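Start from the sequences and build out the full structure, keeping to the hints where you can.
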Amino acid sequence: MSMTEIYKAKNKVVEVVEQAKRNLSMEAIKAQIEKLGSESLLTSFVTMPNQVCFETQDDEEQVVMFLRQHPIVNLKWIMTVMLLLVLPSVFSFFPPYANLPTNFQFVVNIGYYLFVYGYALAMFMGWFFNIYILTDERIVDVDFHNIFFRKVSTAKIEEIQDINIQSSGAFETFFGYGSIFIQTAAEVTQFEFLYVPNPDKVGKILNKLIDLEEQEKIEGRVR
Amino acid sequence: MDIIAYFQSITLLDITKVLLVLLLLVYMLFALLMMKQIAAMTKAITMKDDVIIRTLGVLNFVFATVVFLIAIFIL
Numbered sequence: 001m002s003m004t005e006i007y008k009a010k011n012k013v014v015e016v017v018e019q020a021k022r023n024l025s026m027e028a029i030k031a032q033i034e035k036l037g038s039e040s041l042l043t044s045f046v047t048m049p050n051q052v053c054f055e056t057q058d059d060e061e062q063v064v065m066f067l068r069q070h071p072i073v074n075l076k077w078i079m080t081v082m083l084l085l086v087l088p089s090v091f092s093f094f095p096p097y098a099n100l101p102t103n104f105q106f107v108v109n110i111g112y113y114l115f116v117y118g119y120a121l122a123m124f125m126g127w128f129f130n131i132y133i134l135t136d137e138r139i140v141d142v143d144f145h146n147i148f149f150r151k152v153s154t155a156k157i158e159e160i161q162d163i164n165i166q167s168s169g170a171f172e173t174f175f176g177y178g179s180i181f182i183q184t185a186a187e188v189t190q191f192e193f194l195y196v197p198n199p200d201k202v203g204k205i206l207n208k209l210i211d212l213e214e215q216e217k218i219e220g221r222v223r
Numbered sequence: 224m225d226i227i228a229y230f231q232s233i234t235l236l237d238i239t240k241v242l243l244v245l246l247l248l249v250y251m252l253f254a255l256l257m258m259k260q261i262a263a264m265t266k267a268i269t270m271k272d273d274v275i276i277r278t279l280g281v282l283n284f285v286f287a288t289v290v291f292l293i294a295i296f297i298l
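Chains as they are written, first to last, in my numbering: chain A, 1 to 223; chain B, 224 to 298.
Everything labelled a hint here was simulated from the structure, so no lab data went into it.
As the structure is a prediction and not an experimental result, all values here were calculated from the model.
If we take Cβ atoms under 10 Å as the criterion, some of the chain A residues that face chain B in the derived model are: (1) Glu39; (2) Thr43; (3) Val107; (4) Phe115; (5) Ile131; (6) Val152.
Even glycine gets a Cβ: it sits at the ideal position worked out from N, Cα and C.
Written out as structure tokens, the structure is:
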């Protein structure tokens, strides 16, 4: 057996062992975290999703949880949009509009509905793209404030120092949502998962991930 | 003299027309930006059925362009 063959065989053994370690980690996560929620387009809580992935995700990284704010937070802008949709019926009472020629009134009307659609879409995007992802390796917080500002922050699971769960007020208690504040040793020291559904379950899963990460460290399975 | 006569011939309706067209042009650019942002976000995070949100963004831009063209032609 030549030296090259020995070297190749050694590399193969290392690869197989690494793969076995990864499979063990994956199995441990799957065994401890049950599948909850649905993977529909408007979902705000789903564990172990199959169809969620993000740009900076590693090949071996598994998305454990996908979160958005509770859909009830959209109620305010939906009410505003509904009010705006019925508003043109009172336009004719305003002299500046009433005195316009018909073609001008037509353009003002369709332009108005276009703005309302744009407003609704911008607000929907604000909810839809405000995402929190937990993987077996890190937490990812995508803050989408408006179409001109977005921020993506990440921290490793092992950098988590403290988790605070807060659910206050009648609305939050009734609809079962709340906020989670995660203190980390990463560059971003505080992660805020605001108005997420089932905050207790999220906290529990976060703790499980921390435990699994520690176990991996002890067993030398750290990636 | 001609310039003064030109400015004197401008009516309130003309100003309204220019303002409406400008407003719709700005909105069209805003819609384009929105569409780009949606494309960037869906590329950054892939989810199930995210084609729907991309379609909503494209529709917004298409509507904005149509309304802008209508405004130019009928006003």
